[in-house]
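A.B. asks: Knowing the structure of chain A, use the given hints to seat chains B and C on it.
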Amino acid sequence: MEFTAKAVAEFLKGEVVGDPEIKVNKVSKIEEGTEGSLCFLSNPKYEEYLYTSEASIIIINKDFTPAKKTNCTLIRVEDSYQAIAALLQLQESVKPVKIGKHPQSWMEESSEAGDELYLGAFAYVGEDCKLGNKVKIYPQVFVGDNVEIGDNTVIFPGAKIYPGCKIGKDCIIHAGVIIGSDGFGFAPDAENDYKKIPQTGNVILEDRVEVGSNTTIDRATMGSTLIKKGVKLDNLIQVGHNVTIGENTVMAAQTAIAGSVKIGRDCMFGGQVGIAGHIEIADKVKMAAKSGVAKDIKKKGAVLMGGPAFDFMDYQKSYVYFKNLPRLADRITRLEKSMNNQKKE
Amino acid sequence: MEFTAKAVAEFLKGEVVGDPEIKVNKVSKIEEGTEGSLCFLSNPKYEEYLYTSEASIIIINKDFTPAKKTNCTLIRVEDSYQAIAALLQLQESVKPVKIGKHPQSWMEESSEAGDELYLGAFAYVGEDCKLGNKVKIYPQVFVGDNVEIGDNTVIFPGAKIYPGCKIGKDCIIHAGVIIGSDGFGFAPDAENDYKKIPQTGNVILEDRVEVGSNTTIDRATMGSTLIKKGVKLDNLIQVGHNVTIGENTVMAAQTAIAGSVKIGRDCMFGGQVGIAGHIEIADKVKMAAKSGVAKDIKKKGAVLMGGPAFDFMDYQKSYVYFKNLPRLADRITRLEKSMNNQKKE
Amino acid sequence: MEFTAKAVAEFLKGEVVGDPEIKVNKVSKIEEGTEGSLCFLSNPKYEEYLYTSEASIIIINKDFTPAKKTNCTLIRVEDSYQAIAALLQLQESVKPVKIGKHPQSWMEESSEAGDELYLGAFAYVGEDCKLGNKVKIYPQVFVGDNVEIGDNTVIFPGAKIYPGCKIGKDCIIHAGVIIGSDGFGFAPDAENDYKKIPQTGNVILEDRVEVGSNTTIDRATMGSTLIKKGVKLDNLIQVGHNVTIGENTVMAAQTAIAGSVKIGRDCMFGGQVGIAGHIEIADKVKMAAKSGVAKDIKKKGAVLMGGPAFDFMDYQKSYVYFKNLPRLADRITRLEKSMNNQKKE
Chain A
595 MEFTAKAVAE
605 FLKGEVVGDP
615 EIKVNKVSKI
625 EEGTEGSLCF
635 LSNPKYEEYL
645 YTSEASIIII
655 NKDFTPAKKT
665 NCTLIRVEDS
675 YQAIAALLQL
685 QESVKPVKIG
695 KHPQSWMEES
705 SEAGDELYLG
715 AFAYVGEDCK
725 LGNKVKIYPQ
735 VFVGDNVEIG
745 DNTVIFPGAK
755 IYPGCKIGKD
765 CIIHAGVIIG
775 SDGFGFAPDA
785 ENDYKKIPQT
795 GNVILEDRVE
805 VGSNTTIDRA
815 TMGSTLIKKG
825 VKLDNLIQVG
835 HNVTIGENTV
845 MAAQTAIAGS
855 VKIGRDCMFG
865 GQVGIAGHIE
875 IADKVKMAAK
885 SGVAKDIKKK
895 GAVLMGGPAF
905 DFMDYQKSYV
915 YFKNLPRLAD
925 RITRLEKSMN
935 NQKKE
Chain B
595 MEFTAKAVAE
605 FLKGEVVGDP
615 EIKVNKVSKI
625 EEGTEGSLCF
635 LSNPKYEEYL
645 YTSEASIIII
655 NKDFTPAKKT
665 NCTLIRVEDS
675 YQAIAALLQL
685 QESVKPVKIG
695 KHPQSWMEES
705 SEAGDELYLG
715 AFAYVGEDCK
725 LGNKVKIYPQ
735 VFVGDNVEIG
745 DNTVIFPGAK
755 IYPGCKIGKD
765 CIIHAGVIIG
775 SDGFGFAPDA
785 ENDYKKIPQT
795 GNVILEDRVE
805 VGSNTTIDRA
815 TMGSTLIKKG
825 VKLDNLIQVG
835 HNVTIGENTV
845 MAAQTAIAGS
855 VKIGRDCMFG
865 GQVGIAGHIE
875 IADKVKMAAK
885 SGVAKDIKKK
895 GAVLMGGPAF
905 DFMDYQKSYV
915 YFKNLPRLAD
925 RITRLEKSMN
935 NQKKE
Chain C
595 MEFTAKAVAE
605 FLKGEVVGDP
615 EIKVNKVSKI
625 EEGTEGSLCF
635 LSNPKYEEYL
645 YTSEASIIII
655 NKDFTPAKKT
665 NCTLIRVEDS
675 YQAIAALLQL
685 QESVKPVKIG
695 KHPQSWMEES
705 SEAGDELYLG
715 AFAYVGEDCK
725 LGNKVKIYPQ
735 VFVGDNVEIG
745 DNTVIFPGAK
755 IYPGCKIGKD
765 CIIHAGVIIG
775 SDGFGFAPDA
785 ENDYKKIPQT
795 GNVILEDRVE
805 VGSNTTIDRA
815 TMGSTLIKKG
825 VKLDNLIQVG
835 HNVTIGENTV
845 MAAQTAIAGS
855 VKIGRDCMFG
865 GQVGIAGHIE
875 IADKVKMAAK
885 SGVAKDIKKK
895 GAVLMGGPAF
905 DFMDYQKSYV
915 YFKNLPRLAD
925 RITRLEKSMN
935 NQKKE
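Protein chains in written order, with our numbering: chain A, 595 to 939; chain B, 595 to 939; chain C, 595 to 939.
The following block holds chain A by itself, in its conformation from the complex:
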């Protein structure tokens, strides 16, 4: 498929600067753009490529003014990142869609599915499940008994949904994700022999949740582990039993949330963050990568770093002094010497 700059601009409600008839046939990263490429500039770190790229068209933000001459046709839009998302979505939407039950899949008779189900090879759906319309279940997925899955939800190869869990509409569950495994609950006896606390609850994912590969979300001891609307979890994240994560909160890879934590909405966590059990975290809190939290964060919109985490800017300042600790110590030693000399005098 080929599109002119004019056609692309119309689709994006943008404005062409340059040749409206120039044609593109692929979407590329700005640093890899060649003739026929449609690229975009969003992260200022890549601005230099704007002036050297051989791409045919580059999409930029309306409020951005190039500092130098460019060889490409530009399309100015409100938000270049949103624009490229829309274009890639268009590209995806014309791809052929998997549909039908593979002869080597298995769905128990007591379960029901809506229209246009895809059930891949060696996928298994247990008893009494309810699958919505256009649900896509890739090969080797396990769906336990009594699971509910909403319309349009896609479950990629090998993901495992334990019995009794509920997954909303328009969710994306990536390969290897485990939803509903037992929480880590034990009661040590007098000999420090750990008795298992049965985990009798479930996991609920509301609508539009995306869960990255090999992430694990434990079922509640009682009640539900709850992942609210629009939450996005990256790969290899651990979510403990009885956790609640608020709407549109996003977490980067390898973050771990211990049991019974309550996280607000619109939070952003970097990678490898750790939250101790039974903590509450306010809305819109941002945590730098690798931060650790052991106490409630009550301040809405707090930006934190460190282990244990405190204010991001304060951490940065303290860390500069940490790097200089040998020099600080020397200054103390010199002061002590001066002081001693004075005393002697």
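Hints in this document: simulated from the structure, not taken from any laboratory.
Treat the hints with caution; some may be incorrect.
Cut-off 30 angstroms, straight-line C-alpha distance, at most; resulting in silico cross-link-like pairs (DSS-like, lysine-lysine) [as the list claims (entries may be wrong)]:
1) C:LYS620 <-> C:LYS600
2) A:LYS880 <-> C:LYS789
3) B:LYS763 <-> B:LYS823
4) A:LYS662 <-> C:LYS892
5) C:LYS823 <-> C:LYS728
6) A:LYS689 <-> C:LYS789
The model shown is predicted, which means the values in this text are computed figures rather than measured ones.
C.D. replies: Okay, now just chains B and C, sitting in the frame of chain A:
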């Protein structure tokens, strides 16, 4: 099913305070208790709910005295956490149990299993395996050649047991766990091209070990990686080749143990802990979440934090000063100024 | 099989010190050597065992001089670690090899494979794939449409390769690995509702790459996530979209590389390292375990530690002062008192 407070108290060898005839039909978290709920109070953090809960019965510790009036019937027991564990175990024990071989499973003829085997859909058992009585193997599990699995052990969907590994009795292996993959062993040659060191050993799990979802335990280069009786590992943990973990040691999610580490018994590790290779750690050592260890820990019962880890209380103290480093530095600067002024005088 | 010291020394081009006719029938760790064992000493930490071991033969480095008398026959070689690798490879090479298509596997007709394919039970190969000679695909592996896999590559149970990815020759992909899942790319709208950016690229693994269990490598948004020749990744590692990892770079478990990072060749990362997005890291950089990097590392061969990471030795020094911060603060307080006293005088 419905039970009276009297019946519950008899089962738990506890004492009713309130109405012995009040009935419950479900187990709930104390903060979600409603009429008909049986709840428990163990973590003092949740004490406030004791006075506001609409639960019918709340189980508390014998040595706990409520500070205010409660509306619920109380049952006083030795250990409320153990009591709820016992009740949930009772609830679990009446659930129907999976049994039989699914028509779409595969077990090589040279392998043998005891009574009441469950072999789920698309599960595979290789050559010359020995499975005990009441072993449960969920869908899409892989059991390699020459694997042994003891009585009552449960292997949840999609777990993979490499050839030659041995798993004890009463173990629980959660979904996505990998047992026996190759250790990370390479010998770089003169061109820094890494030659693989074949990993020819295995993994042994003794009895009553529980392994959380997507945790990985590597086989030994030679000999065995050994996880002793009663060890509990949370999700997404990495256990390197030739590691030994002592009895009843517990580790929270995303902890990583490098190769050839020897860990004592009754240790407790928080989440995201890291232990460098070839380290020995004494019995009963406790490690705060995110701690890193690069040297042997010889002191039994040591409590550690930090990266590298040292005494927990000392870390806490140092960290308070870390947060205040800008102020400490200011004090040094002021001292220097005073000193200079004195010198001038 | 039994070998004499003489035969082993010939194979390794080494020199026997002791009885050339003594026989061994197994390879053991030096601390577990018994009669008939062939052991090796590489890590000096284990030197003591050299003098107490009951092994029949121990392989040591040519340039190593035992400090005490040993009871074993020694074989002196250029590099004992390489030597044991060679011996274990020999041992592995005589093991029987899996071959053939399991009756319960599935490969779409449009896909083709070379000679000596192994396709295990419940493994699935999609449309239009190209598999080389001697490719081994273990049970429950998923190979998406349009995937290419080079000669001799082994894919262990349950690994998932998303559509369009390319895997080179002589690669080893361990159980539970996910290659080609969507990168974590979203564009928040005005209501902080995250719109998905379709991830339309792929993952390319060049030759001789090894990927540890449950590691995840995301596909590029556009273009390719690229893992170059000879890279070795341990277990539970996260590699974000559009990342490039240079030749022969090795990473220990649970390291996370955010999106669009470019890592040089011959780097070595410890476990649980984290690299922020859009960073460049020079060749031969070494990172201590748990380090975090948020800025480009331009110095070839830099050795780093900390969060954020800086020079390894400097970090060690600063950390010693960190541990002593309470004492440093006391010294400041004493100076202040002395100063005040002087002023009063």
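A.B. asks: Now tell me, hint by hint, if it's right for this structure.
C.D. replies: Okay, the hints, checked on the actual structure:
no.	hint	verdict
1	C:LYS620 <-> C:LYS600	holds (16 angstroms)
2	A:LYS880 <-> C:LYS789	holds (19 angstroms)
3	B:LYS763 <-> B:LYS823	holds (10 angstroms)
4	A:LYS662 <-> C:LYS892	holds (27 angstroms)
5	C:LYS823 <-> C:LYS728	holds (19 angstroms)
6	A:LYS689 <-> C:LYS789	holds (19 angstroms)
Consistency note: the structure conflicts with none of the earlier hints.
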